[in-house]
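Engineer: Make the full structure from the sequences, and use the hints.
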Amino acid sequence: MANVYFMQAMHQALAAAMEEDETVVVLGEDVDRGVFGVTRGLIDRFGPNRIRKTPISEATFVGGAVGAAAAGLRPFAHVMFSSFFYVAMDQIANQAARLRYMSGGQVELPIVYFAGTGPSGSAAAQHSENPHSILMHTAGLKVVMPSTPYDAKGLMTAAIRDPNPVIYLADLRLSRLRAAVPAEPYEIPLGSADIKRVGEDVTVVALASLVPPVLEAAAELEEEGVSVEVIDPRSLVPFDWEMVAASVRRTGRLVVADPARRLCGAAGEIIAGVSERVWDSLLARPRRLTWPDVPVPFSPPLEKELDVGAEDVKQAVRDVLDESSRRIPAARGAARGSA
Amino acid sequence: MLSDALLHLYRLMMRIRVFEEKVQELHKLGRLPGFVHVYLGEEAVAVGACSVLRRTDHITSTHRGHGHCIAKGADVAPMMAELFGKADGYCKGKGGSMHIIDTSLGILGANGIVGGGIPMAAGAGLADTVLGRDGVTVCFFGDGAANQGVLLEALNLSAIWKLPVVYLCESNHYMEFTPTADLTAGRIYRRAEPFGIPGVEVDGNDVLEVRRAAAEAVDRARRGEGPTLIEAVTYRFAGHSEGEEAFVSAYRTEEEVESWKARDPVTCFRERLLAELPDRASELDDIDDAEQASVEAAVRFAEAAPFPPPGQALEHVFAEAGA
Chain A
360 MANVYFMQAM HQALAAAMEE DETVVVLGED VDRGVFGVTR GLIDRFGPNR IRKTPISEAT
420 FVGGAVGAAA AGLRPFAHVM FSSFFYVAMD QIANQAARLR YMSGGQVELP IVYFAGTGPS
480 GSAAAQHSEN PHSILMHTAG LKVVMPSTPY DAKGLMTAAI RDPNPVIYLA DLRLSRLRAA
540 VPAEPYEIPL GSADIKRVGE DVTVVALASL VPPVLEAAAE LEEEGVSVEV IDPRSLVPFD
600 WEMVAASVRR TGRLVVADPA RRLCGAAGEI IAGVSERVWD SLLARPRRLT WPDVPVPFSP
660 PLEKELDVGA EDVKQAVRDV LDESSRRIPA ARGAARGSA
Chain B
393 MLSDALLHLY RLMMRIRVFE EKVQELHKLG RLPGFVHVYL GEEAVAVGAC SVLRRTDHIT
453 STHRGHGHCI AKGADVAPMM AELFGKADGY CKGKGGSMHI IDTSLGILGA NGIVGGGIPM
513 AAGAGLADTV LGRDGVTVCF FGDGAANQGV LLEALNLSAI WKLPVVYLCE SNHYMEFTPT
573 ADLTAGRIYR RAEPFGIPGV EVDGNDVLEV RRAAAEAVDR ARRGEGPTLI EAVTYRFAGH
633 SEGEEAFVSA YRTEEEVESW KARDPVTCFR ERLLAELPDR ASELDDIDDA EQASVEAAVR
693 FAEAAPFPPP GQALEHVFAE AGA
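So the protein lines, in turn, are chains A and B.
Per our numbering: the first sequence ends with 698, consecutive numbering throughout.
Per our numbering: the second sequence ends with 715, consecutive numbering throughout.
Since the hints were derived computationally from the structure, they do not count as laboratory data.
A few of these clues could be false.
Said to hold, decoys possible - Computed footprint of chain A on chain B, listed as stretches where at least three residues anywhere in the stretch have a Cβ under 8 angstroms from a Cβ of chain A:
hint, stretch
1, 476-487
2, 511-521
3, 536-550
Glycine included, C-beta positions come from ideal geometry on N, C-alpha and C.
Structural biologist: Put into structure tokens, the structure is as follows:
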């Protein structure tokens, strides 16, 4: 197993899929160079017929992927920055996510919509989005967001082989991650979460670039005698409710860390979904760690202000522990007394 | 053209005509759920263009898509059932009038978004190119869609990649309730010129003229020489949407509508056939009767078909892997 960077892991999976299936084609701006490295060099191996460098016409190559998929290809559409999904939103939401349903199941649309996502250092409000919650809400799109090179490679293979449109969001803050991954292709099934750290007291669900700071916080909390279980859903649609609910059933406490805005976000949805399933097991109110509801600012200290860091995670974990250690009957009595 | 082939063009135009008149009638009776946009007056465009396509060629269509589907070979019975929202419709009642799809006939879908099918057509053309097939895609869109940005994007992309796509604008003079000329700069067919591709204007009420222009464009596309933009000038006899008089006041004069009805593509073609093939006059009557009967049968089929089980609302969101 060789050490590879996050984006290289995706590149390996894409290249192997192109070897395995000649209907896999790459579409997007500057895909011959491949700004994030995922498509870099593929043109030398697979040629310009399959590596299609497009003009800056997101709506048309995103929608073109729909027509191409309906007519026999498996397009990998490189949307570059995930903020650009908004440019092509009609084709994503009204076409890609609808055609199978509206046709009564006649068509399969095996498409991967890949984009680098999230703040990457003063890229400002139009190159820093994490639009996963909007895409999750659309119905008809699968959405994945890995946090390790190993997961990135396995999810990419699964995404390309999947017969549906899959939004593949590669968190740009994870670009420098490097880890050993198997050389041969392997699949991580879409919809399978992963326990990144086993623990007993509190479940922390973390997405994408928040997995590393959550693991850091968990290690530090261990020294305080607090055992944190860290789960990375990896795939948001479909979502592994079983694994997350089972964890919260054991720990009774839930914190969700999502690098995105709070309103109608994935964190709120995960908390609602878990609460519906294991309400009786909850010992404290779940907590959300998210950005505030603002666009991502440019200036470095302003951008940093949005971040969820290890300290925030530790505080949220301590809060749920404190709340659940209070005597519940006494709390009820106090509430009555104050009424 | 052989006389049988001419009669077949007439048959398809008449099929669209009687289907759409029946749809109007059913809509007035309150029997159809949702919006319907009929193709009356534009029959020559779909029939002329699709007459030069193979079954395996693709089309993308519009919200006014019944005519395109019929011209590409769709069966009126499952079409009508789809308009009724029934389980035996083309899309099992999931799509309705604006979303009839039959992938086995290369119909990639009518489309509820104006211009929404344009990128898909480029994509289907890309699939033919990448896979080395000699297929062609005809992208139907209206003059209203000509002002959507995706048209210019797709013309550019198709031109640089020489995609086998024919962009066929049906200029029916109105974008919803507004004369197209009021809000459209220049002529639509001339938008091909800056992309270095042929831009052709054709009489959209003359099925043979449309066929001739489409044949040239389709042949060019099949030879790998790239896309063509055709503007077929025609007229929408009915409103934008059936029942629109309930929410918009009259926006065109009776004289205007009547002047176009004098150039009715179906009756004009019928008269021409009668003049050129007088010995086959009785066959035209037979076609009229047969098409009328088949549409009546389609209505009976649609009425008798069951509604989909409510639980089917939850199906067809995702395809199962390996299914």
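Engineer: The structure should be examined with respect to each hint, and the outcome stated for every one.
Structural biologist: Results of checking the hints against the structure:
1. 476-487: holds (count 7)
2. 511-521: holds (count 11)
3. 536-550: holds (count 6)
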